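Each protein sequence line maps, in turn, to chains A and B.
Basically my numbering = 1-based index in the first sequence + 177.
Basically my numbering = 1-based index in the second sequence + 10.
Please note that a few of the clues may not be correct.
[Said to hold, decoys possible] One-sided excerpt, in silico: chain A residues whose CB lies under 7 angstroms from chain B:
| no. | residue |
| --- | --- |
| 1 | P238 |
| 2 | F282 |
| 3 | P284 |
Just so you know, these hints were derived from the structure itself, not from any lab.
Fair warning: this is a prediction, and the values are worked out from it, not measured in the lab.
All C-beta atoms in this analysis are idealised placements derived from N, C-alpha and C, irrespective of residue type, glycine included.
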Amino acid sequence: EAGVVQSPRYKIIEKKQPVAFWCNPISGHNTLYWYRQNLGQGPELLIRYENEEAVDDSQLPKDRFSAERLKGVDSTLKIQPAELGDSAVYLCASSLAPISNEQFFGPGTRLTVL
Amino acid sequence: DQQVKQNSPSLSVQEGRISILNCDYTNSMFDYFLWYKKYPAEGPTFLISISSIKDKNEDGRFTVFLNKSAKHLSLHIVPSQPGDSAVYFCAARFGNTGKLIFGQGTTLQVKP
């Protein structure tokens, strides 16, 4: 069974440019998460989807970040415009249910903003 | 406000010995605690978990202990193997939402 797929794996952009990350969760997983992991820190939740509905986006900086999960399957996270402080690894995870004990993570996208 | 803390950034142990990774938390509303392991350039993978109503959970070489009164949990790996070398994250879950709060991680190095 394929795991969580993310692309691109690496992205280098200049500040003020837009960037988008894509995630395809494990088949059948209704819950999808986007996390940001800064250097030397643990992952921090940005947004959680139940099917196509964003049920927790309290940590998403809405002035520049947006996300969508059309049809309740794959998802896109966008930053526009990017700032230097957005350099981090962006992780996507999925789980069978909202309070499932296990979240399955993708390999992440390492973003560098110059 | 760091609700989940791993105060040791790194740990080095000899192969065959015990590795003990520690984690402290502040919020009594957490209902589950989990440990994830992360290799370079990969996402975290689930390792073991424990319910807040338990004090111990064992899975092969891995055992997690929970001390609720001290708001402290630990992961024991015995015997440690070189393949266990990775970053270990402690995470705590809010039961009503499933939201995970992660610690900063501890890098474990197991020397042959």
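Quick rundown of the hints versus the structure:
This hint is violated: P238 (chain A) has a C-beta 18 angstroms from the nearest C-beta of chain B, more than the 7 angstroms allowed. At its closest, the beta carbon of F282 (chain A) sits 3 angstroms from a beta carbon of chain B; the interface hint therefore holds under the 7 angstroms criterion. The interface hint given for P284 (chain A) holds, since its Cβ lies 5 angstroms from the closest Cβ of chain B, which is under the 7 angstroms cut-off.
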